Amino acid sequence: MEFSRRETIALGLGAAAMTMLPIRAFAEATADEIVADFTGGASMSDGGVTLTTPEIAENGNTVPIAVDAPGAVSVMIVATGNPTPKVAVFNFGELAASQSASTRIRLAGTQDVLAIAKMADGSFLRASSTVKVTIGGCGG
Amino acid sequence: MISRRDFMQVSMAASALVGASGFGNWARLAAQQRLTQDQLLEFDTYGNVSLIHITDIHGQLNPIYFREPSINLGIGAAKGQMPHVTGADFRKAYGIADGSPSAYALTYDDFSSLAQAYGRVGGLDRMSTVINSIRAERPDALLLDGGDTWHGSYTCLKTEGQDMVNVMNALKPDAMTFHWEFTLGSDRVAEIVEGLPFAALGQNIFDAEWDEPAELFKPYKFFERGGVKIAVIGQAFPYMPIANPGWMFPEYSFGIRDENMQKMVNEVRAAGAELVVCLSHNGFDVDKKMASRVTGLDVILSGHTHDALPEPVLVGQTIIVASGSNGKFVSRVDLDVRDGKMMGFRHKLIPMFADVIAPDPVVTKLINEQREPYKTDLSEVIGQAGSLLYRRGNFNGTWDDLICDALISEREADIALSPGVRWGPSVLPGQDITREDIYGVTSMTYGKAYRSEMTGEFIQVILEDVADNLFNPDPYYQQGGDMVRTGGLGYRIDITKPQGSRITELTLLKTGELLDPAKTYVVAGWASVNEGTEGPEIWDVVEDHIRKQGTVTINPNNSVKVIGA
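Which chain is which? The protein sequence lines are A and B, in order.
Note that this note's numbering has the first sequence beginning at 30, numbered continuously upward.
Note that this note's numbering has the second sequence beginning at 153, numbered continuously upward.
No lab work stands behind these hints, which were simulated from the structure alone.
Computed from a predicted structure; not experimentally measured.
Quick reminder that beta carbons are idealized off the backbone N, C-alpha and C, glycines included.
Now the in silico label distances, taken between C-beta atoms and shown as ranges:
1. A:Glu-123 / B:Pro-669: 54 to 64 Å
2. B:Ala-670 / A:Arg-133: 32 to 42 Å
3. B:Glu-657 / A:Ser-157: 28 to 38 Å
4. B:Thr-607 / A:Glu-123: 54 to 64 Å
Covered stretches of chain A (in silico footprint by chain B; criterion: 3 or more residues with CB under 8 Å from a CB of chain B, positions within the stretch not fixed):
5. 87-93
6. 156-164
Kindly produce the complete structure, drawing on both the sequences and the hints.
Next comes the structure, spelled out in structure tokens:
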């Protein structure tokens, strides 16, 4: 789920090398495109999926998140402010006892984290949560 | 100025500090009375359950002076709402007469002169008297400590919290939650907590590695009082590893975790709890939001932001009680619980006037025993206060102005930064400044005064970051401290703007020039949350500075321009 510093730098270089190409050439250019890819452009409704994140990250390098989407066949997690926004896709088979998952992710800074659930009937549900990454200090 | 003798005769809306099962009775209750201990403690016992709330004592064993803030801004929905009301507006809201004991206890105006008349507040020996008197009326009253207890003084630092533990144990609390305690380090916290004769609670204290509830701290505890099954759920300060050095307690993770709070409420209700009390160190606005999101909490005893409110604030069916700081107040909440429901309450915020409330000699002796080994160091006079030294206020206070002056001159810096903490007693003009006074506003386990170089751009980033911890319109993103105090640096802040655009016109005061984002400045500060910070201890820096000054007079600080208040 995490990408290493080295991978980040590699991605950064890749991005620099590819700047001559049309923006569409980026597979992971923006969070919006990643979401559109997942949903096929279908509209999403809020609710029905629970995304649990800390409000303020204790450590931006390892932020615990959990998603619970009863009835989902697949859930995608997107960190909208990361250089590589696509974090994970959880697929749930028919025998899955519950459609929930938890993991830890790295966040580059304060940003919205999205959970998009694809339901069995092909509809999409969405939940969003702002996670603040702060310098800290000065607690009363 | 009012003399001490007049003080005893002074008209006081003593009953005006009594709330009831309804709000807004202040003006009617403002009868003119003499101030006596009996009146301070006067309470028409009500219902079948009594809660006694104390919080944020910050190591203050003995009576102190404590000036409340003149500026305590609310943002978003909290704007102009309690507790974000100060001074004359606060007195008006609660029908408190100017110059009255309540005005002295709860507001900032004329503090130095009222302090001469009304004297010191707090002291755990006085607190014991109040608690004993409540227990005389209701022997099974619950005593609940909201935390920030084992921190904040010379003796507390030297004994690693043992002085407070020893004295608090004599008061016999039933449960406690935590914040600054963790800055003693997780080993020391474990050592104390394992021997505590009462419950150490925090539903949001988790094991950092496994993201599961920490074993040492229970989420809640049941009590059977007055025939009522009561659940007390603890809520520790949510942002400990962020606001304080997480490396001192790496085993623990916190957070608000209101989904887990709801789970705990459901669990205790299912187990038969008729009254659910949250002992919280969230801070007031976070508690208000939590009360709106978690159902089934009857009472939130609120700590952390050091607010003292003469009446509870009602959010839905939940009452939120705020009991001040530094030992200045004790809250008594009587509840009528019948058929598994809270039917009504009666509340009193008891101001701890140290000259009115008789000390409990047993506890006085115990306090003196804790202080005895350090007596000479504590009482050494370092200088004199030429003007009032206080801390509270969103942007600055004279204590921090003094600390910043000390950092700039002793550490040869352009700019000084002092953390926006809310603890620390006041020193009146004309008073000696003792070593104990200096530790009262600086003591901590990470007090090294660093000296480093920062670009103008980075200084701006720091100020924006801290400002968002205070002025983010969503309370869940606030950490409950005040703005970082700046010395040698002025700025303009628009509190209504989002992070990144609140702070403008950063000005280096010694030249009057705007800060150059690319230029490097020498910055001295203290209380860094980073491991391995180097430098002398801040209390030594401040002591050296005060010694050179002799008498310290702090001029009004107008270096921060506030917009959108």
